[in-house]
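Q: Residues per chain, in single letters:
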Amino acid sequence: MGDFLISRLLSALVVILGTVCLVFMLIHLVPGDPVDVMLGESARPSDRQALRVSLGLDQSIAIQLSHYLKGIAVLDLGTSLHTKQPVTELLASRIPATLQLAFAALFCALSIAIPLGILAAVNRSGSWDWGAMGFSMLGVSIPNFWLGPMLILCFSLWLGWTPVSGREGLSSLILPAVTLGSSFAAILARMVRSSLLEVMGEDFVRTARAKGLDESRVIWHHAMRNAWLPVITLLGLQLGALLGGAIVTEVVFDWPGIGSLMIESIQKRDYPVVQGCVLFISLSYVLVNTLTDIVYGLIDPRISDGTDR
Amino acid sequence: MGLASAPLNLDPRYATDATSERINRLLYQRLVEFDTQSMPVPGIADWQRLTPRHYRFYLSDNVNRFTDGHRLEADDVIATYQHVLDPDNASPRRASLTLIESITKVDQTTVDFHLFRTDPLFPAYLTLDILPMGLLNKAHNFARQPVGSGPFTFYAWPESGKLILERRRDHQLIELLEVKNPTVRALKLLRGEIDMLQNDLSPELIGYLQSQTGINLQRRHGSNFTYLGFNLQDPDTGDPRVRRAIAHAIDRQAIIDQVMHGAARQAETLFPPEHWASSGDLTTYTYDPATSRVLLSEAGYDAGNPLHLVYKTSSDPYRIRLATIIQSQLKTVGIEVDLRSYDWGTFFGDIKRGNFQLYSLSWVGIRTPDVFRYIFASDSLPPMGANRGRYSSPSVDRLLLQAEAAGALQQQARLYRQIQQQIHYDLPYVPLWYEDQVSALGARVSGYKLMMDGNYDGLERVSIHHPEDSQHAQTAAAY
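So the protein lines, in turn, are chains A and B.
In terms of the numbering used here, the first sequence has 307 at position 307, counting the first letter as 1, and numbering is strictly consecutive.
In terms of the numbering used here, the second sequence has 52 at position 52, counting the first letter as 1, and numbering is strictly consecutive.
A hint or two may mislead.
[Said to hold, decoys possible] Covered stretches of chain A, as calculated for chain B (at least 3 residues, CB under 8 Å): (1) 83-93; (2) 153-161; (3) 220-233; (4) 246-260; (5) 265-274.
[Unchecked claim] The calculated BS3-like cross-link candidates involving lysine-lysine, where the alpha carbons are at most 30 Å apart (straight line), are: (6) B:K105 <-> B:K138; (7) B:K162 <-> A:K84; (8) B:K162 <-> B:K449; (9) A:K84 <-> B:K331; (10) B:K138 <-> A:K84; (11) B:K138 <-> B:K162; (12) A:K70 <-> A:K84; (13) B:K331 <-> B:K352.
Treat the hints as calculated values from the structure; they're not laboratory data.
If you're wondering where the values come from, they're calculated on a predicted model, not measured in any experiment.
Where a beta carbon is used, it is the ideal one built from N, C-alpha and C, also for glycine.
Pulled out of the complex, with its shape left as it was, chain A reads as follows (with noise of 0.2 Å):
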């Protein structure tokens, strides 16, 4: 297990250090100057360079790049181009906000995925199997930006349950928490169903059931554990995705997470804050992966053990 670890944590500090210079030098590549978007165009040259030399853009896309990695080994992210507010101070005030709705979602979507996915698979073709998978149909279907102003019609405006948007005690979280966890929940729910239909198939759940096992404990202590692993690969990417920010759901919801803030800070051109959002969620990938792939482990130990299937 040890040297399983070292070697996750050794790709994905490869992994972290590539996409971050990659996205270092792409979005240098992108069309628009941050400085004309600070001094706008009745700047005069001279106050452009000025600006560019202060800024540090006057120098090769290589050296900027070597400062900004020498920077990083220090936790300096740099500051913001636009509100002079350090990248560090910028991003930690926004990853509580996107822990807590990506936590959220993910707790609402497993909620409801799970039992959702269970009685579609031991009911196939029942009534359970298509009303589950007209929710998943439709999960899938509705896109965040036409779900969110609904459930606000609805239960803010109508209800008068949930405040309308703004991150604001729990009660503000249930509903960007269930329009980020709908569309989850509804990818996973087939999951779950696909995975655990395949391993009812095999032969030691019929073992499980010729021993005289009752059904409900079959499938909990059976199939469902032999069922966890893709269903576990999928929640790892999406968890990362979540993690990532759900640009459309915090834009809704006004809620201030990481997503929103890297699209403010792409549109507005602002390099530092850009790259501080890329890093945060390249690691957040990193992190979700490598804990993935230890419960894999966890859960099957030939993974680990590095034998084969």
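Take the given structure of chain A and dock chain B to it, following the hints.
A: Relative to chain A, chain B alone:
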């Protein structure tokens, strides 16, 4: 108050976004303001023109103190302007002030400005918000902790999307809350989570809010100018017959009536008719598809050889919608338009590089006619100016020089009207409309005055009615 975008920077030396500039007007005071005709009028100072290149400004006796307690004096004015004029500080406000040669203090309430050249419009450039010298020298972070002498004082900025100001005269707190999605902003107003919002609403939302009880919708003419720009170096759009054909093919009034629900008025030039330098006698390019087809035919285009153009716009959904309608109108006269929308940075970068045939944009908050030089002079190509369409007219260049050298505003106004006539004839832009200003107020709000340029000055007089106030009043009346 719900805002479409949060302020970015409350330091007036560096703020460039419209929201920050509007909020800074509440936090700081400035030497000069504008009247409804955009003529410069005294703000916190009156002025005297001692010679064409020497102006004396007298600070008013009733200037507010800064919120740190000390009185706004000549030293503060000089320190603020000198900081902006210092090229090392790279302030975006510097460009409009470079005609200042020196600033000197006469006494604590009197400041002299000496200019490199004469310009009767000079007072109109002195709209910079004044900062306290003491804090300027200490490199205070005005961007996040503003200290000014305006009618409001900074109270708190707990998160980027929520700014709280305190009105100095009665300590009323006003929270400015970012709500990006316009539908959600309207729903928050209806639920009473915000009391007011202003602009950045689709016509459908305006109609919806108007139909709701308890919502007071205000409208007034605006001065923000929307136009369709041409690249005059392009072989197609460089042909004046093509530009006129396009102008005659767009039914602006139909768009205003049907799509914008009447919330705009047709434009003929950069300045609205009430502006002191506006040219009010320009001939309208009427909607006339037949004339448009004739012009296209003269330019060599017909059904067998249709004109193909690329029209660039930003990714704003409302702008895309308007562009789609223009695309459809141009199709009726045989012009095939390929519509392309880009994120702001890419779109604006392309426009500045001249990488376009057609584009649409708006000029926001324009006050002084020196902007004609900035937009239309042949030496104002980006990055030296905003002549994005590469317009070049010797007669306009000559008139611009004459206007700048003119000794009196009346003389300047006459010359700028001639410039507008020439530009209207050459048609580097198709003038589209001036969009109205719209605000929606909840039932608790009264006394808010909507401003023509969309600023938030109305917050100085706004009243919030608390239900307990009326209860107290009733109780008092009973006694």
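Q: Hint by hint, note whether the structure agrees.
A: Each hint tested on the structure:
Beta-carbon proximity to chain B at under 8 Å applies to 5 residues in the segment 83-93 of chain A; the threshold of 3 is reached and the given coverage holds. Figure legend: the segment 153-161 of chain A, annotated as covered by chain B; annotation consistent (4 residues with Cβ-Cβ distances under 8 Å, at least 3 required). A count of 0 residues in the segment 220-233 of chain A with a Cβ less than 8 Å from any Cβ of chain B is obtained; the coverage claim is therefore unmet, three being the minimum. Figure legend: the segment 246-260 of chain A, annotated as covered by chain B; annotation consistent (6 residues with Cβ-Cβ distances under 8 Å, at least 3 required).
For a cut-off of 8 Å, the count of residues in the segment 265-274 of chain A with a CB near a CB of chain B stands at 4, and the three-residue condition holds. For a cut-off of 30 Å, the pair hint linking B:K105 to B:K138 stands: about 21 Å separates their Cα positions. Distance hint between B:K162 and A:K84 is fulfilled; the C-alpha atoms sit about 18 Å from each other, no more than 30 Å. For the hint pairing B:K162 with B:K449, the CA-to-CA distance comes to about 23 Å; that is within 30 Å, so the pair holds.
Restraint check for A:K84 and B:K331: not satisfied, since their Cα atoms lie roughly 47 Å apart, outside the 30 Å limit. Note on B:K138 and A:K84: the hinted pairing holds, with a Cα-Cα distance of about 17 Å set against a maximum of 30 Å. Restraint check for B:K138 and B:K162: the C-alpha separation of about 27 Å stays at or below 30 Å, so the hint holds. Among the hinted pairs, A:K70 with A:K84 is consistent with the structure: their alpha-carbon atoms are about 20 Å apart, no more than 30 Å.
With a C-alpha separation of about 27 Å, the suggested pairing of B:K331 with B:K352 holds against the 30 Å cut-off.
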